[in-house]
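Protein chains: 2
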Amino acid sequence: MSRVCAGAFSLSLDGFGAGPDQSLENPLGVNGMVLHEWAFKTRTFRTMFGQEGGETGVDDQFAARSFENVGAWILGRNMFGPVRGPWPDEHWKGWWGANPPYHVPVFVLTHYARAPIVMEGGTTFHFITDGIESALRQAQAAAGGKDIRVGGGVSTVQQFLRAGQIDEMHLAVAPVFLGAGENLFAGLDLRALGYVCAERISTANTIHLIAKKQR
Amino acid sequence: MSRVCAGAFSLSLDGFGAGPDQSLENPLGVNGMVLHEWAFKTRTFRTMFGQEGGETGVDDQFAARSFENVGAWILGRNMFGPVRGPWPDEHWKGWWGANPPYHVPVFVLTHYARAPIVMEGGTTFHFITDGIESALRQAQAAAGGKDIRVGGGVSTVQQFLRAGQIDEMHLAVAPVFLGAGENLFAGLDLRALGYVCAERISTANTIHLIAKKQR
Numbered sequence: 001m002s003r004v005c006a007g008a009f010s011l012s013l014d015g016f017g018a019g020p021d022q023s024l025e026n027p028l029g030v031n032g033m034v035l036h037e038w039a040f041k042t043r044t045f046r047t048m049f050g051q052e053g054g055e056t057g058v059d060d061q062f063a064a065r066s067f068e069n070v071g072a073w074i075l076g077r078n079m080f081g082p083v084r085g086p087w088p089d090e091h092w093k094g095w096w097g098a099n100p101p102y103h104v105p106v107f108v109l110t111h112y113a114r115a116p117i118v119m120e121g122g123t124t125f126h127f128i129t130d131g132i133e134s135a136l137r138q139a140q141a142a143a144g145g146k147d148i149r150v151g152g153g154v155s156t157v158q159q160f161l162r163a164g165q166i167d168e169m170h171l172a173v174a175p176v177f178l179g180a181g182e183n184l185f186a187g188l189d190l191r192a193l194g195y196v197c198a199e200r201i202s203t204a205n206t207i208h209l210i211a212k213k214q215r
Numbered sequence: 216m217s218r219v220c221a222g223a224f225s226l227s228l229d230g231f232g233a234g235p236d237q238s239l240e241n242p243l244g245v246n247g248m249v250l251h252e253w254a255f256k257t258r259t260f261r262t263m264f265g266q267e268g269g270e271t272g273v274d275d276q277f278a279a280r281s282f283e284n285v286g287a288w289i290l291g292r293n294m295f296g297p298v299r300g301p302w303p304d305e306h307w308k309g310w311w312g313a314n315p316p317y318h319v320p321v322f323v324l325t326h327y328a329r330a331p332i333v334m335e336g337g338t339t340f341h342f343i344t345d346g347i348e349s350a351l352r353q354a355q356a357a358a359g360g361k362d363i364r365v366g367g368g369v370s371t372v373q374q375f376l377r378a379g380q381i382d383e384m385h386l387a388v389a390p391v392f393l394g395a396g397e398n399l400f401a402g403l404d405l406r407a408l409g410y411v412c413a414e415r416i417s418t419a420n421t422i423h424l425i426a427k428k429q430r
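First to last, the sequence lines map onto chains Y and F. Numbered according to this note's numbering, the first sequence terminates at residue 215, and the numbering increases by one at each position without gaps. Numbered according to this note's numbering, the second sequence terminates at residue 430, and the numbering increases by one at each position without gaps.
Heads up, a few of these hints could be off.
[Said to hold, decoys possible] DEER-style ranges, computed between Cβ atoms:
| id | chain 1 | residue 1 | chain 2 | residue 2 | range |
| --- | --- | --- | --- | --- | --- |
| 1 | Y | Pro116 | F | Ala407 | 38 to 46 Å |
| 2 | Y | Ala115 | F | Gly272 | 35 to 43 Å |
| 3 | F | Gly402 | Y | Arg215 | 28 to 36 Å |
| 4 | F | Gly272 | Y | Ala198 | 21 to 29 Å |
| 5 | Y | Arg3 | F | Ser370 | 33 to 41 Å |
| 6 | Y | Arg3 | F | His306 | 38 to 46 Å |
| 7 | Y | Met33 | F | Val298 | 33 to 41 Å |
[To be verified] Listed next, the stretches of chain F that the computed footprint assigns to chain Y, with coverage defined by at least 3 CB atoms under 8 Å from CB atoms of chain Y:
| id | stretch |
| --- | --- |
| 8 | 247-260 |
| 9 | 367-380 |
It should be emphasised that the hints constitute simulated quantities derived from the structure, not laboratory data. For clarity, every value in this text was computed on a predicted model and none was experimentally measured. Even glycine gets a Cβ: it sits at the ideal position worked out from N, Cα and C.
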């Protein structure tokens with residue numbers, strides 16, 4: 001059965017999933033890149049970005065697992081780009097170049113309509129202006145029975161968690177304090193929402209946690 | 216040189232150091248006891264509370280380390296008891312019975328003056344009404360060159376962190392989501408305050424983190 005998952009979602013020890021002040025220069029917010037260092041060391045992520053080598057241990061297994069059986073993605077507007085407000089033109093097509101690392105339909109939550117963008121390699125960006133439930137329905141229709149991956153950012157993951165729509169969430173906790181930015185746990189009662197930590201593996205670079213919703 | 220430390224301070228994965236609604240029945244707040252399960256399994260804590268046995272591995276080493284070289288403690292009013300507002304009488308003498316597990320002077324932060332209480336086993340509770348800096352000065356004077364341990368709760372540890380007064384903090388992160396209660400990281404920018412994660416060890420029951428202030 002198709003599941004809804006968040007995977008390889010990086011956090012700091014103090015719960016921040018991104019630094020403050022996202023911009024073209026700081027796609028992950030100020031100091032946010034440090035959260036993802038574990039991922040950039042893995043073979044899975046290096047291959048995805050056209051680089052050689054990379055680690056092949058537990059971190060890589062979790063990275064690879066996050067991409068398995070994904071039939072569609074859902075992203076928040078800020079994960080798609082730094083542009084705020086109405087789209088000034090058709091110029092911005094994501095952070096990832098001509099061939100983004102999705103290779104399936106991607107549904108971008110936004111308040112501003114825009115025509116779909118067909119990219120190389122199987123990725124098409126669809127812009128959804130009527131909320132997360134609509135995005136989920138369209139993603140499920142497009143996924144062909146595979147899983148839906150909610151990519152981020154923090155606000156988008158929080159919305160899906162609050163709606164009880166995420167079945168499984170893989171958090172990767174970097175051994176750093178970020179101190180500021182977007183905090184995944186702020187105002188979120190994961191216990192009341194039915195989530196438990198079902199799996200926990202610590203590596204040299206991060207702490208992997210699998211949160212599952214109890215049904 | 217005498218240091219100021221917080222030790223064996225238990226948190227949930229989502230940063231809560233205590234559950235909500237502390238009371239006589241729930242000294243650690245609703246569901247808060249689960250944070251401390253790792254500690255209650257150790258030989259150090261079991262011995263402290265007059266019980267036999269207990270685990271002797273890494274968790275126990277961290278538990279024991281948190282009590283080493285402590286010359287004085289500082290506690291918040293709520294860690295001392297569930298009584299709020301002015302002391303109605305002299306009846307409440309802490310959660311720990313006639314012989315509390317401190318065995319050194321303990322300075323309790325409160326807005327309401329009260330005479331010191333001499334307990335069995337070397338513990339004396341002193342009540343400090345003029346703030347954390349005063350408590351720290353008096354604790355240092357009493358500690359005879361040994362370390363000061365800031366025991367908790369969350370609000371007290373936050374106050375000392377914000378004042379830059381904690382040199383080292385040992386957090387023990389239980390593999391649970393608590394969802395509500397007192398969150399150590401709420402409104403606290405540990406990075407800006409100079410704290411880094413200097414040590415991290417994961418065990419079956421908890422994740423030990425040592426945060427140190429960069430000087």
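Within 8 Å of chain Y's CB atoms, at least three CB atoms from the stretch 247-260 of chain F: coverage verdict: Since 0 is below three, the answer is violated.
Beta-carbon spacing of Pro116(Y) to Ala407(F) - inside the hinted bounds 38 to 46 Å or not: With Cβ atoms ~42 Å apart, the hint holds.
Distance restraint hint 38 to 46 Å, applied to the beta-carbon atoms of Arg3(Y) and His306(F): Violated: the Cβ-Cβ distance is about 55 Å, outside 38 to 46 Å.
Verdict for Gly402(F), Arg215(Y) (Cβ pair) under range 28 to 36 Å: Because 34 Å falls inside the window, the suggested range holds.
8 Å C-beta test of the stretch 367-380 of chain F against chain Y, three or more residues: violated (count 0)
Distance restraint evaluation - Arg3(Y), Ser370(F), Cβ atoms, bounds 33 to 41 Å: 40 Å, holds
Cβ distance range 33 to 41 Å for Met33(Y) and Val298(F), holds or violated: 48 Å, violated
Hint check for Ala198(Y) and Gly272(F) - Cβ pair distance inside 21 to 29 Å: Since Gly272(F) and Ala198(Y) have Cβ atoms about 23 Å apart, the given range 21 to 29 Å holds.
35 to 43 Å as the expected CB spacing between Gly272(F) and Ala115(Y), which holds or is violated: 60 Å, violated
Hints 2, 6, 7, 8 and 9 from the earlier list are contradicted by this structure; the remaining hints agree with it.
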